[in-house]
Each structure stands twice: as structure tokens, then as C-alpha cells.
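Trainee: Fit chain B to the given chain Z structure using the hints.
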Amino acid sequence: MKHFTKALLGAAAIVALMAGPSVAAEKAEVIHWWTSGGESAAVKVFADQFNAAGGEWVDAAIASGEAARAAGINRIVGGNPPTAMQFNTGKQFEDLVAQGLLNNLDDVAKADGWDKFLSPVLVKAVTRDGHYFAVPVNIHSNNWLWYNTALLEANKIEPPKTWDELFAAMDKLKAAGVIPMAQSGDAWTQVLLFNDVLLGVGGRDLYMKVYGDNNAEAVKSPEFAKVVETFGKLREYGDAGQQGRQWNQATGLVVTGKAGFNFMGDWAKGEVIAAGLTPGKEIGCVPGIGNQVYWVGGDVFVFPKTDNADALKAQALLAHTMLTPETQVAFNAKKGSVPVRGDVDTSKLDACAQAGLKLLGTENGSVPGFDFLQTPDSIGSIQDIIGQFWTTPSQAPADLQAKFADIIASE
Amino acid sequence: MKPRFLRFWMAQVALLPAWLIVIFAYIGTIIWTIQISFTSSKVFPVSNYVGFSQYTRLFGSERWIISVQNLAIFGLIFIVGCLILGFLLAVFLDQRIRAESVFRTIFLYPYALSFIVTGLVWQWTLNPTLGVQQTVRNWGWESFTFDWLSRGDRAIYVIALAGMWQASGLVMAILLAGLRGVDGELWKAAKVDGIPTWRVYVHIVIPILTPMFVTATVLLATAVVKVYDLVVALTNGGPGISTEVPAKFVIEYLFQRQNLGLATAASTVMMITVLCVLAPWLYVQYFRKPRSAH
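Chains as they are written, first to last, in our numbering: chain Z, 1 to 411; chain B, 412 to 705.
Treat the hints loosely; a few may be bogus.
Claimed, not checked - Taking lysine-lysine pairs in the DSSO-like style, the calculated list, with each CA pair at most 27 Å apart, reads: (1) Z:Lys91 with B:Lys637; (2) Z:Lys403 with Z:Lys226; (3) Z:Lys233 with Z:Lys220; (4) Z:Lys305 with B:Lys453; (5) B:Lys599 with Z:Lys209; (6) Z:Lys233 with Z:Lys161; (7) Z:Lys156 with Z:Lys174; (8) B:Lys453 with Z:Lys403; (9) Z:Lys348 with Z:Lys281; (10) B:Lys453 with Z:Lys124.
Simulated from the structure, these hints should not be mistaken for lab results.
This is chain Z alone, in the form it adopts within the complex (with noise of 0.2 Å):
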């Protein structure tokens, strides 16, 4: 007995001692998962800023999201939890406003007047019943299409505009033995392809329809068969080595000529600047080819919950600071996305971006990206089934709708 009296005892000695102040004054330690060259440069505009009005940023980097959200997640649960973690704008961090272990930004909003500069899709994504419980930091869009300029100009191909004039320069981009489109085998590019026809084709009102409303019926729906059989059909535009083959080894065959065209977020980007190329010259972009809708995605910092009064105003000082318009410009810039700010200078973003930026700013230009909008479960359900569809040509576009539509119906 006196032996599980002095382990209980010790024990309670480490909980203690996990549980005890992990954050000094204004020290704010952050968890995320921005790790490849262009990322980290973006971040360390975060930590110099924030060490510039006072704070002291402790970098907690995670490579790989899901490896990073589990990490922070279990430190959260675990009552030792770090002063703001990343998520991706959406619905992944839900689950910790609903068992209430966030803390509410709404004082830093209302001083800031966060309602005036952010868009009513981001605001919408960042508040649970009218409170602010993370900041956006930056707004990403999946739905570009990226060509390589020479090879077209070689092939005597003019930029598409449509979904037919891309059909047919691929058409003549396989006539000339070139890849016409290099494809990830990575199950979330399939989906991110599958997006981009579902909303170039389909159009903004059907994609909300689906994953807004989960309506069924929209599924079922001719308008949708359609968007499945475009997809379908582009199948045949791959080569044999997409398995195994990760989304910037498929923008590099186009950076390096090897294929015509490439679907990819705007973060490809990075590896176009890496190259030493220039986005919207040598690698030409088109953003939401068919209905010129543009994608809104992005990441969030979200602030667990703490009684630590350093620990509080190290988290009031960050939110502040990742939101300033030197901090969004300089940031942006360095990530590739666009800034969260309707309100700062954009004049010093590259060609691509100012082209999204217009998007943006038109009415019924934009949608909320698919994360915002479902659950990780079903968006990991739709994933199963896209690369079942995308790797197996005999199945019938049909078959993918009606389990499409079973899923959505779940919802």
C-alpha cells in the first residue's frame, strides 16, 4: 500500500509539474506546420514582427498539418496547451469552440474593428454564434490552372478560357507526345481537381448547393452528371506515373516543360519562384477556369484557453500583430496567398495574385473552400470515393454520383 501511496504521489508530482507555467511574459510559444523554404520565410515574418512589439515568438514548427493539429490537439486535451496553433480555415478546429477550450477574440476584434476590413465569407468562417475564436491569416485558393507558356506557344496553343479549348489543347498537347496534364497521385489533389470541374463547370450555385446546403438532390442533379463526366473524361489527359508522385513533383514536370498543364492551389507558386521563374510569365496561370469563381481557403491561428494572465495578453498582442497591414503584406508576399485585409497596398503582389484579387473583389466571385463547409469525416469519405473513380477508368461516372450522393445525404 505504502508503495501505490508514493507512486500516486509521484505521479501527481509529474502532472504538476506538465500542468505548471509553460508560458513567460509575453512568450508565446505557436505550433504550426509551415516547414518548406518559402513557408518558413513567410513565418519568420510573423516572429519578427511579434518580437518587434514586444513579444517573445517561441517557434513550435510541425512538419506536416495532420501531424501538427494532432500534436497540438493532444497538448490542448493534456491541459498543457501552446499559446496558438494553425489550422486550416474551416471546419477542423469546430470541435474545440464546441467543448469550449478556445479562448474568445472578440475584445481584440472590436478594438481592431476586424468586422470592417475582413470579408463576410472569412468572418463567417472564424466566428461560432457571433464570437471570434481564431484569425485568418492569409487567403489561399485552390482552383488555379497553370501552363507552361513555351510549350504552348511550341505547340501553337493559345491560353484556354473554357473547358473545350482546354480539351482540345490537351488533345494536341497528347498528339505531340507531351503529358497534357500532370496529376499528383495524392488523394487530396484528385479532390482539389475534382473541386476545380465541380466549379468550373458546374458554377458557384450547384457547388454550394452540394456542400453548402447537402442537398442530395443537387447531386442527382443532370448539371452534376455532367461535372463527373468532365472529370471522367480528363482521366485520360495523365500519365502512368501518378502514383506515389507528390503535388509539386506534378508542377514540376510543368515547370520543366515535361507536361502542358497543371491544376494546383496557389501555393505552386513556391515552386515556380524556386525555379527561378516567374508566375503569370514563364508559367502562365488561368484562376477558376469555365465560371471565373475563385476559391477561398486558407489557415487560421486559433488560441487555447488559459487562466495565465502573461499567457493572455502574449495571445491579445499576437492576434493584434498577425493582423496589422505591414505584417499581412509582408507575409502574403513570401506565402503566396493574398492578404486577409481588403484595405492594404496589393500593388507588390505578383501578376497571378492580382489576377485572384480581382475575383475577389467581384460579387459572387468567390466560394467558401471545401473545408469550410464539411466535416474532415465526410471531406475524407468524398476522398475515398474521387480516388477510386480517379484511378479505376472502367468505373461509370453514374456510380461515383450515386455514392456521392449517399454521402452528402448522411450529412
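Mentor: Chain B alone, transformed into the frame defined by chain Z:
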């Protein structure tokens, strides 16, 4: 001599940490897992009980069914293949060949690699645009095709093949030790009687090696149930979901897909399956032995 009761209690105290670990870390977490599988937990365990609905969803999920089928295909090919290949290698090495230790090392070497490395090497070798297929085409055989890795109906066989490549050496080492233990007199006697070598192997040597085969099978079977890293490195479940396995299903629903309920339901099913398979063996091992010892 200390009194008997003191000896007993000292033993119990010494065992206490082990007991605590068994009760809390193993049995406790198993019960907790089973309990969560009956709730609608997403990111966090909650106690909103929903009966068997997670199990209903599990067995209605095409991905889970494919995972289970893949495990069966992989397990069968992997275990049988390793046993046959390992036995042949062992017999080959047992022929008093020259430089035996060199061959032994070469055959056992793959087992020293992690599954992640094995997976990556085979992924590159079998990628149609990088590996074997492209090389043969570059030699001039333009129509040569070996694209099993990118074909949904074949990729699981590639995984089994890669697994066999890795684990056959282990089976070889175990069986070789067994072969060395076979009495030389048996061979002499068989020779005198004029029995062909292959019949000696089939009718005399293999029955003698039965315990070695059982050991190898148990080792291989545990590798089958927990297969995860090989699949992640080689195909990551692709093309599509054609090479998914149950362990990967559990991990993905635990973390990425934030559905604790479904993940724990899947792991509970895995555990029950393993117990069902193990039950006859446990019975033979622990309950029948005392009787046969009499």
C-alpha cells in the same frame, strides 16, 4: 528461510508495477476503446451512446470491406510465399555450398531494413515511368509493360511481393537452424534405402521442422495484422483505395478524419478477429498441455 507468507507478499509487491501496467495500460485502455466505439465521439471522447451505429457504418463502408479483403489476400500470399521461399532458400544453403555465410547475409539483409525503406525502394523500382518498365523500354523493348503498382486490381500483390522479399530471409534463418538440427544418421539411413532426396525432405525433414514452421508462421501472422508502414510507403493506400488495410483505416479515422467513434469500432473489430484466430492456438497452448504432460 523467510516465512512463506512473506515470500508471497514480497513477490506480489515486486509484481505490482507489472500488474498496474497490465490492468491500466492494457485491459483498461481496451475497455475504454470498446466503450468509445459505442459513442458518437468525433475529435474528443464523449459519452453520447449511439448503440451499434458506428459498426453499421463500418460494415457499410466500401473502404473497410476492401481493407479487410486486402488483409486476407496479403496475409495468405505473404505467409505462404515466405514459408515456401524461405524453406527453399534454407535447403539451398544447407547443401554445404561455398561462401555460405555470404549468401546467408545477403538473404537475411532485407529483414534488417525498415518497412518504410522497403516500401520506398519498391515504389521507385515499380513506378512505370521511372523503374523496371522504363528501363526495359529504354533497352529497346518498346511494348514492355509492368504497371501493377498503378493498377488498382494488382497493386495489393505488389505489396505482398515486397513483404515477401523482406521477410523470406527471416524464415530462411529459422528453418536453416532447424535443418542443421536434423540428425545426419537419418540422411545416411535414407541413402542406404535408396530414397530420393526430395522424398526425404517432404516426408521426413518437413515433419521434423514443424515447430520451426509454427514459430515462423506466428511471427509472420503478427506482421500481417499490423501491416501499415509498408502500405503507407509503397502506395499510401492507392491507386484510389485499392490497397487500404485495416490498421491504416483506424489511424486515419483517429487523426485526420476526426472520428474517434468509427476508428475505435474498427479497432475493436480488429481485436475480436485476432482473438478468434488466436483462440484455438491459446487453447492448445495453455489448456491442453497439462493433460498431455501426465
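Trainee: Compare the structure with each hint and give your call.
Mentor: Tested hints:
1. For a cut-off of 27 Å, the pair hint linking Lys91 (chain Z) to Lys637 (chain B) is broken: about 31 Å separates their Cα positions.
2. With a C-alpha separation of about 16 Å, the suggested pair Lys403 (chain Z) and Lys226 (chain Z) falls inside the 27 Å cut-off, and the hint holds.
3. A hinted pair counts as satisfied when its Cα atoms are at most 27 Å apart, and Lys233 (chain Z) with Lys220 (chain Z) qualifies at roughly 19 Å.
4. For the given pair, Lys305 (chain Z) sits about 20 Å from Lys453 (chain B) by alpha-carbon distance, which is consistent with the 27 Å threshold.
5. Proposed proximity of Lys599 (chain B) and Lys209 (chain Z) is contradicted: the alpha carbons are some 82 Å apart, above 27 Å.
6. Distance check on the hinted pair: Lys233 (chain Z) and Lys161 (chain Z) sit about 18 Å apart at the alpha-carbon level, within 27 Å; holds.
7. A distance of roughly 13 Å separates the Cα atoms of Lys156 (chain Z) and Lys174 (chain Z); the hinted pair therefore holds under the 27 Å criterion.
8. Of the pairs offered as hints, the one joining Lys453 (chain B) and Lys403 (chain Z) holds, with about 23 Å between alpha carbons and a cut-off of 27 Å not exceeded.
9. With a CA separation close to 16 Å, the supplied pair Lys348 (chain Z) and Lys281 (chain Z) stays within the 27 Å bound.
10. Proposed proximity of Lys453 (chain B) and Lys124 (chain Z) is supported: the alpha carbons are some 22 Å apart, at most 27 Å.
Checked against the numbered hints above, the structure violates hints 1, 5; every other hint is satisfied.
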